[in-house]
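Residue numbers (the working numbering), protein chains in the order written: chain A, 1030 to 1526; chain B, 239 to 553.
Honestly, the hints are just simulated from the structure, not real lab data. Just to be clear, a hint being listed does not mean it is correct.
EDC-like mimics (lysine to aspartate or glutamate), calculated; alpha carbons at most 20 Å apart, straight line [what the hints assert, rightly or not]:
1. B:Lys417 <-> A:Asp1264
2. A:Lys1422 <-> B:Asp271
3. A:Lys1478 <-> A:Glu1462
4. A:Lys1142 <-> A:Glu1165
5. A:Lys1207 <-> B:Glu331
6. A:Lys1422 <-> B:Glu284
Short derived list, chain A residues pointing at chain B, Cβ under 8 Å [to be verified]:
7. Gly1077
8. Ser1153
9. Val1154
10. Ala1222
11. Gly1224
12. Lys1228
13. Val1250
14. Pro1251
15. Asp1252
16. Ala1255
17. Ala1259
18. Glu1412
19. Phe1421
20. Lys1424
A few chain A positions that, by computed beta-carbon distances, are all more than 12 Å from chain B [unchecked claim]:
21. Thr1059
22. Asp1275
23. Arg1323
24. Glu1325
Positions of the beta carbon are idealized from the N, C-alpha and C atoms, including for glycine.
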Amino acid sequence: MKPFKSVLAAAALALAFSAAAPMSAYAQRTDVVIGMVLEPPHLDPTAGAAAAIKEVGYANIFEGITRIGPDGQVQPGLAESWEISDDGKVYTFKLRTGVEFHDGTPFSADDVKFSIERAMAEDSVNPQKGLYSAVEKVEVVDPATVVVTLKHPQGAFLWNMGWGEAAIVSPASADNNKEHPVGTGPFKFESWAKGSSIKLVKNPDYWGEPVALERAEFRIVPDAAAAIPALLSGDVHAFSNMPAGDALPQIQGDPRFKVVIGSTEGETVLSTNNKKEPFDKLQVRQAIAHALNRDEIIAGASAGLGVPIGSHFAPHHPAYVDLTGTYPYDPNRAKELLAEAGLPDGFSATLKLPPPPYARQGGEIIASQLRQVGINLEIIPLEWADWLEQVFKGKDYDLSIVSHVEPMDIGIYARPDYYFQYQNPEFNAVMEELEVTADEATRNELYGKAQRILAEDAAVGFLFQMPKVGVWDARLEGMWENWPLSVADLTKVHWTE
Amino acid sequence: MIAFLAKRIGIGAITLIVASIVVFAVLEILPGDPALLMLGMNATPEALAAMREQMGLNEPVPVRYLGWIAGLLAGDFGRSFTYSSPVIDLILERVVVSLPLALIALTLSTAIAIPVGIFSAARRGRAGDTVSMGVAQLGVAVPNFWFALLLVYVFAVWLRLLPAGGFPGWGAGVWPGLKALILPAVALALPQAAILARVTRSAMLEVLGEDYIRTARAKGMPRRYVLWRHALRNAMIPVLTIMGLQFSFLLAGTIIIENVFYLPGLGRLVFQAITQRDLIVVEGVVMLLVASVVVVNLIVDILYAVVDPRLRIRA
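Here chain B stands alone, though its shape is the one from the complex (with noise of 0.2 Å):
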């Protein structure tokens, strides 16, 4: 078990190392300069050239890599040019909106997904079966920025249940931050439990047609003990695949949802980045997304080994 999890621990740092340079590389090749869209189209040259000064833009680039690295590793993310604060404060003020929406909208999607899966696959063929899927269906193909629409205009124009969008921070109080949490979350987890719920259906319709299965139907185990027990169990391995690339996704893919939303999330703060060249800041979201996804990939591998023993020992 150490020797597996030193291997993955080691595979996540060389993906880290690669990624930060992939990232710096990618962002200096991309056209635009950031003092530039600071000032607009009066700015005078030499207001340019302090400008530039003040980002620190005239440093040789593999100095400023080499910089950004050294304050990684020592734990500073470095300073936004745009807004002129500190990076990580910036991230972790998105963090504390896109974490928690995306663990809601995960265990929303995996509460409704893994009993409907486990339900359909159990009747193979039957009514209850094809009205699951043919809803699952229908949730893969409706675009979750339209459906988060069609949630706004329910609970928040007609009916004014909940807000339409925006955060009032946890400083508002718990209930009114989870309140604007609520649709997006919704919005987020059913285009995902409906896949997460096929998933699960086929997986399970694998293991049960496995020689093992029958034979513990045939030793008289309860049906109901060994769907859960048994099949489940080993129907696990590709639903936490998905689930975990679900997450990744859910942490920082979510930009449309937070555009329609007005949610301050991770997915927003990189794509104002990006447009405003803010440099240091998406190469400091990048490289604590790149870490997260090797985080849950490993978080996943561990789980694959305990819902698996055989994996203990192959790794």
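Looking at chain A on its own, in the form it has when it is part of the complex (with noise of 0.2 Å):
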């Protein structure tokens, strides 16, 4: 058994150097398995923040009154029309009729009116319950007709209605969606092999226009060595987002295959501790803000494919504004601002790390550049439970590395005690106007001013946003390109051939 080795080895090298793998002819298919790498923990979206939960779910299985389109706008859901009153404070909600979840119970206002206030309730679990923090009440006028009132008007309320935390249940499935998710999507639960996959089937009562696919599979590839042989084998179909880091290239150069690098709603930013000495000082924010090569950190810590920003702001996003050059590399500019604030000879801190690649990889580079300028950084590498404990709750830390995926998440700056310890009544001024506006264009315009006073305030270095790795199938269509929601929606896939 042993000298076949020897056999095996040459077998793969010379498989390495052969572009053209035996190509299998399937007919018109109707079911597709899409690979992730991490599992959920359960199915439930309004009880735990993992984005996996969303992945398997949005769309797919549960529904909102509104939805988030491939796009970033707010689409029609289990609401086929609402009305706004002219103070902006009650949302009128024309539901559809005829919709039913997949136990078979019935939908009606009375669903909406039950998810809303039980996220809203002292014992939800919600992870997102700051979405309902302006509701006042919610009433049924009849049973395709909820009213919901807010305290004051909020510009965001019908995009917030949209997250995947925000899914309208029934009170008769609600508390066993962890295990067994029952909503009113396109597609039905049907198993899950823990560790291994989610079968999901296709709804044939949905009330909307059905879905082209008979049934979905979610495979859990935890490993990205494992993820190129698993699509190269055509076990795995699609990866909304792949991790594939340097093996990318050999899965561009393959014509079965769609490689489509897209936005996400991730500004990854070297997190600072605005309270702790010396980054209390504007001078040395700046300072580091100068010392950062943000094109030598993409090119490390994501293979290249992310994009600069200079605010906490999603470049895709009609609001942006490019403020990467307010405080362009120039190592010796730091310098001198180090010298200004008091510090001419550098000074020592200490550089957090969470364990995603992108931060571990750009940890290493960013610790190299300042070192350039004399701040001299240890590394400290945390699993994901000590980090949260450490540096997200107990704030003791100096700097970090992490990408912040909520969507449109700028106000976390106005937050009191959110642990970058930033603060400054005038960006909280902007905040408080923003969410009480409803009109767009002032709405972009508070967001671009909001993301000016980050930018100045060098409130925390701002890197890349993360990229979104798709990679499919070349003969299916229909997978979203960008991620204004990290979610793996199903509702338009279909094959070609």
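Dock chain to chain to rebuild the complex, using the hints, since each chain is given by itself in its own frame.
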């Protein structure tokens, strides 16, 4: 058996140099296998923050009263239309009729009231309870009409209701959604082999446009090294976001696959503890900003695919302002600023890093860049649980690197107890105004103002927008190219031959 | 024999109790809040408090320990924090993958290693010995994940004979299930076989140098008979020890191979549970593994006594 190994090695080498592997013919198919790296802990979007929960369920199993489309815009969901009162406080939703949950329970306005009140309740474990902060009351007018009254006008209310966490659930099944999710979507949950795969089947009684796929499977492929062979062997047809790393060119050169680099809502930043010395000094933060060479960081930490950012905002959004030139890469200017701050010889600090490769690799690069201006960083790698405890909750850190993946989350800089410990009344005022503004143009203007304040304050080190590396079989169509929400919406996915 | 067994079982029970305390204590010290991990960076303090209450984390540590032990004694492993299903179900789902995988790998490695070890010992210093031990040396040195990737490229990507990974579940039939386990079992078995072959060879060599072997040969017994009946039996003690250790390793120490083949085995369950701070699952699985090591050691001890009657009395 042993000498056989060398035969295998030779065969594998031969394979590595032959681009043309055998291609098997498929008939027109109606099933798809989507690979995902992290397994969801459970499948209830109203009780867990893990992105994987929504990757499986959003738009497939669960629906909200509104939904967010692939372009990031709000679309009607279980509400087919709505009216907003002149003062912007009363939303009257007209709901779709003839809709059923997967267990056969009919959907009505009562379920909307139940879902919203459940998410707002004192014992709610909704990870995005903040989405409901403006809601005052929910009233059922008739089975197809529901009225939501807000405490104050909230510009983002319709958009908030399109989040995965705002799914509409039924009182009959809400408590069992972790293990057996029941929604109103075009796919029904079929089975979950823990650690292995989650299977969905087409919902024949779906109220809307029927989906092309009869079956969909989410297969857990936890290892980056396993992801490539999984695709090459045809076991997995698509990855919404592939952990490809250096192996990406191998797939890009293969005509059987389509590689689509899209954008996400993940702003990757050098988190800075604004209350801790010497980071409380503006010049020190500016010096760090001048010392960061984003191109180098992007090349090393995201295989050159990330988009540089100069503030906390996604470049694909209409309100985005390019502020990457606020403090351009200039180590000499950085040294001057440090001297002005009374630190001509630089200083030492820690850099606590969570496990993702972008943080660990980015950390090495940033440490070497800051060393050139006299800032010596000690790198401390942490596990996620530890990172959340020490850095996020305990605020016991100097610098860190993390991608902030919640959509449109610039408001975190206004939170008094947030781990950045950033405080700027001017910024908070902009956020307060934004909260009550509904007009799109005014909102975008305010977002622009907020971005500028953060950029000028160098509140944190703004690095890059996380890319979405979509890889799928070239014959598959309808996958999202960008990620305004990190989901795997299969409603439009179909095979072309 | 009964006294021997009673003593062994007693030692096993004490091991389990000590292990339960150590496991529980270590996980208590481990930093990280399971509720925060579940609800993420946007969670409100009230939502976190509600989640902690749901997870039962608000009780004092000794109360939780005693509750857990009482549950274990009644066969109740508790309920997972993250997956909301009973821990025992999670474990059983994984055992049906890990146990067959470990058994296939162990059978394969034994079937290869013992004949190779005996063959090498019998031909000590000759070409056959040099070649097979050279290959074994290579087998020990080659990392199993790399070998696993090679297997995947050849048999899954290139020849498309076997799946690249994943496990369809036994519900899909015995053959699809076995098919999914072949490559991982081979990847696990070969390095183990390499180690076992070397151990077998050296144990055999030691025994072959003993006086009673020469005596047996001098009495005119055939060489083959002496080798298999007299020598092998006496050389089995170290071989059994290694096999026992290997089985325990194969049951849960195969996280890397499980990742390469994305198999839902016990190793990945533990790994996942640790990173998600699903303490009750970690505790359950670790206890189960401790118990399996204790049982395997007990079986090995009994087998020692079977192959070497002197040990029955000494114990």
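Going through the hints against the structure:
1. B:Lys417 <-> A:Asp1264: 14 Å, holds
2. A:Lys1422 <-> B:Asp271: 10 Å, holds
3. A:Lys1478 <-> A:Glu1462: 11 Å, holds
4. A:Lys1142 <-> A:Glu1165: 12 Å, holds
5. A:Lys1207 <-> B:Glu331: 17 Å, holds
6. A:Lys1422 <-> B:Glu284: With Cα atoms ~14 Å apart, A:Lys1422 and B:Glu284 stay inside 20 Å; holds.
7. Gly1077: 5 Å, holds
8. Ser1153: 6 Å, holds
9. Val1154: Holds. Min distance 5 Å.
10. Ala1222: 5 Å, holds
11. Gly1224: With a closest approach of 3 Å, the A:Gly1224 hint holds.
12. Lys1228: Violated, about 10 Å.
13. Val1250: A:Val1250 check passes; min Cβ-Cβ to chain B is 5 Å, inside 8 Å.
14. Pro1251: At about 5 Å, which falls below the 8 Å cut-off, the nearest Cβ of chain B leaves the hint on A:Pro1251 intact, so it holds.
15. Asp1252: 4 Å, holds
16. Ala1255: Nearest chain B Cβ about 5 Å off; hint holds.
17. Ala1259: 5 Å, holds
18. Glu1412: 7 Å, holds
19. Phe1421: 6 Å, holds
20. Lys1424: 13 Å, violated
21. Thr1059: Its Cβ never comes within 12 Å of chain B, the nearest being 19 Å, so this holds.
22. Asp1275: With a cut-off of 12 Å, A:Asp1275 remains clear of chain B, as the shortest Cβ separation is near 15 Å.
23. Arg1323: 24 Å, holds
24. Glu1325: 27 Å, holds
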